[in-house]
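Spelled out from the first residue to the last, the chains are:
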Amino acid sequence: MDFAVFLVQCLNALQYGLLLFLVASGLTLIFGILGVINLAHGSFYMIGAYLAYALAPWAAEQFGGGFFTAIAIGIVLSVVFGYLLEWGFVSYLYQREHLQQVLMTYGLILVFEELRSILVGDDVHGVAPPAWLAGSVQLGSVMTYPTYRLFMSGVCVLVALGLYLVISRTRIGMAIRAGASNREMVQSLGVDIRLLYRIVFAAGVALAVFAGMIAAPVSSVYPGMGNQVLIISFVVVVIGGIGSVRGALLASLLVGLVDTFGKVLIPQTAGILVYVLMAAILLWRPEGLFRAG
Amino acid sequence: MPADAVTTSLAARATPLLAAVALLAIFPFVGGKFYIDLMVTTMILAIFALSLELLVGRTGLVSFGHAAFFGIAAYATALLSPQASAPSLAWLLPAAVVISALAALGIGALSLRTRGIYFIMVTLAFAQMAYFVFHDMAFAGGSDGRYLYVKPVLALGPYTLLDLDRPLTFYYSTLAAMVAVYALLAMLGRSRFGHALAGIKANEQRMRAAGFSTYPYKLAAFVLAGALAGVAGFLYAVKDGFVNPEILAWHQSGTVLLMLILGGIGSLRGAVLGAFLFVVLKELFQSEAVFGSFAKHWQLPLGLTIIACVALMPNGVTGLPAQLRRSRVPVPHAG
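Those sequence lines, one after another, are chains A and B. Here the working numbering is used: position 273 in the first sequence is 273, and no number is missing along the way. Here the working numbering is used: position 8 in the second sequence is 8, and no number is missing along the way.
Derived by calculation from the structure, the hints in this document are not laboratory data. Since the structure is predicted, the reported quantities are computational estimates derived from the model, not experimental observations. Warning: the hint list may mix true and false statements.
Anything over 10 Å on all C-beta distances counts as not near chain B; from chain A, calculated [what the hints assert, rightly or not]:
1) 54
2) 72
3) 94
4) 102
5) 106
6) 108
7) 118
8) 135
9) 143
10) 154
11) 162
12) 190
13) 238
14) 271
Part of the chain A face toward chain B, derived, beta carbon under 10 Å [claimed, not checked]:
15) 61
16) 104
17) 110
18) 112
19) 155
20) 158
21) 264
22) 268
23) 286
For every residue, glycine included, the Cβ atom is placed at its ideal position computed from N, Cα and C.
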C-alpha cells in the first residue's frame, strides 16, 4: 500500500467514523439519560436519507439552493418529530422493563420501514451532492478524493465540536452530564427532568436524521439502511461506554478505522472484524472504555 | 401445602397440556397438506421460543441474538450433510446441537460479562457477526445459502426407523421434539439448577451475597438455551431443505422475543402459545384474501400489533386472565 492509497483509506475511515459518531452519540445519550434502549434510532438515520432524497428537488424549486435548504428544513422537521415522538411514545417507555422497550421500539422500526415502503417505494435512489462539492481534490500525483467526502468529515467535526461545547460549557450541558451519571439526583435537585428528556431525545433524533441526510449523496438511499447503522452504533456504544459522548467519539473512530482497513487488507473477514474488536474490548473492559457514572 | 393438593394442582395443570398434545397428534388426520406444513413450522418456532424462555423467563437474561444459535445449527445441518446419500439422524442431530452449544459457550462467556442494556446490545452484535460469517464466507454459499439434498434417516441395521423425508414422520418427530423440550424445561424448573436460575432472576446481588457464583449458572443456562435453539434450527433446515443467512438475521431474534411476550413471559405454555399466535397473526396479515394488495405491507400491522400488545398486555395471553381480574376488582389498600 503506497502512501497515497493509505491516505485515502485514512480519510475514508475518518469520514465513516465521524458519521457513525453522529448516530451513536444520540444513541448513547438516550441510553445514558433517558434509560431507554431505542432500536428505532437507526430508522431516524434512514428517515434522514429519504428526507434528503425527497426534499432536495422540492427545496430547489421553492427556495433555490437545493441540498442545504433541504438539510435545514430536515433538521427543523426532525427536532419537531423527535419532540413529538418523545411526548407521544417514548415517554411511556421510561417505567418499563428493557425487554418491553426493545419490543416496542422494534415494532416502531417495522412501522417506519413499511411507511417508507408505502410512501417512497423500495427502490434504491441516488442523491446528488451540491454542484460546487461534486468534484474531487488532487491527492499526490495520481490519486483524487471526492470533495464532498472531505466536506462531510469537516461538517461532522464541527458538529462534534459543537456538541462538546454544549455539553461542557452550557447549563443544559451540565444537566445532561449530571443526568448521565445520576438521574434521580438531578431530578431531586429541581431540574425539569421531563423537559431535559424531551430535549435530549429530540437532539438525538436530529443528529441521526442529519447524519442520514449528509450521508445520502455518498451511500445512496436504500431500504434497510438504518438497521446496518443501528447495529454498528450499538457496537460503538458498547465499546465507548453508555452515556459517554467522549467514549462514543473514540469508539466511532476506532470502528471506522478497523472497518475501513479491514476491507482493504483482509476483505474476506470485513463484515466481522468490528465485532471481533468489540469482543476484545469486552474481554478487557466489560463496561466500555469510558463509562459515565 | 398438603401432598394431595400438590397432585391435584399438578393434574389440573397437566390436563390442558395433554389435551393440547392429543389435538396436535390427531391434527394430520383432519388438516390439509398446507396446514400440516404450517403446523410443523409453528412447532419448530415453539421449540425455538421455549429455548429462549429459559433465558428470558427463567433467568432474566434478555438475549437479542438468539437466532444465531438457531441459524448456526441449521447451517451445520446443511453443511455436514453428504450430497448424495441420506445422513444418519443419530450423528447429524447431535453434531448440529453440539456446534450450536459450542457457539453459545463462546458468545455467552463474553456476553455474560455484561448486564442489562449492554447484554441486549452485545448479544445482538454477536448474532450479527454470525450473520456476516455465513453471509460473507465462501464455504456457506453467501446470500444464496445452501441446500440439504437428502433428508436424514434413522436406521438400525437394515431397518429404517425414521425417514424424515416422509411428511407424517417429520410431523410426529417435530411434535415429539417439542414435547421433549417442554418436559425437559419443566423438569429443569423444579430442579436445584432451575431454582438457582429463578434466584438469579429475582435478585442476582443477593444470590451472590449468599455465596452463589452466578456466572457459571448463567453460562450453563445460555449454553443449554443455545443447544435447544439448535434442535429447532436442525428441524428447520431439514424441513425446508434449504438455509440462507436470513435465518440468522436480527429480525429472527426480534421475532422470537415477540413470541415470548405475546404468549406471556415466565411460563412454558406462554412460549408455545406465543409461537402459535405469531404464526396466526403473520398468516392473517400476509393474507391477500383479507388485506388485498396491502398484504405485502404486512409488517405495518405486525409492528402496530407488537406496540399495542406490549403496551396493553405486558404479561401476554397467559397473563391476560389475571390482568383482567386485577383491573375489575378494585385494588385494596397496599399493606
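In rising order, the numbers of the hints this structure does not comply with: 4, 5, 6, 7, 13, 14, 15, 19, 20, 21
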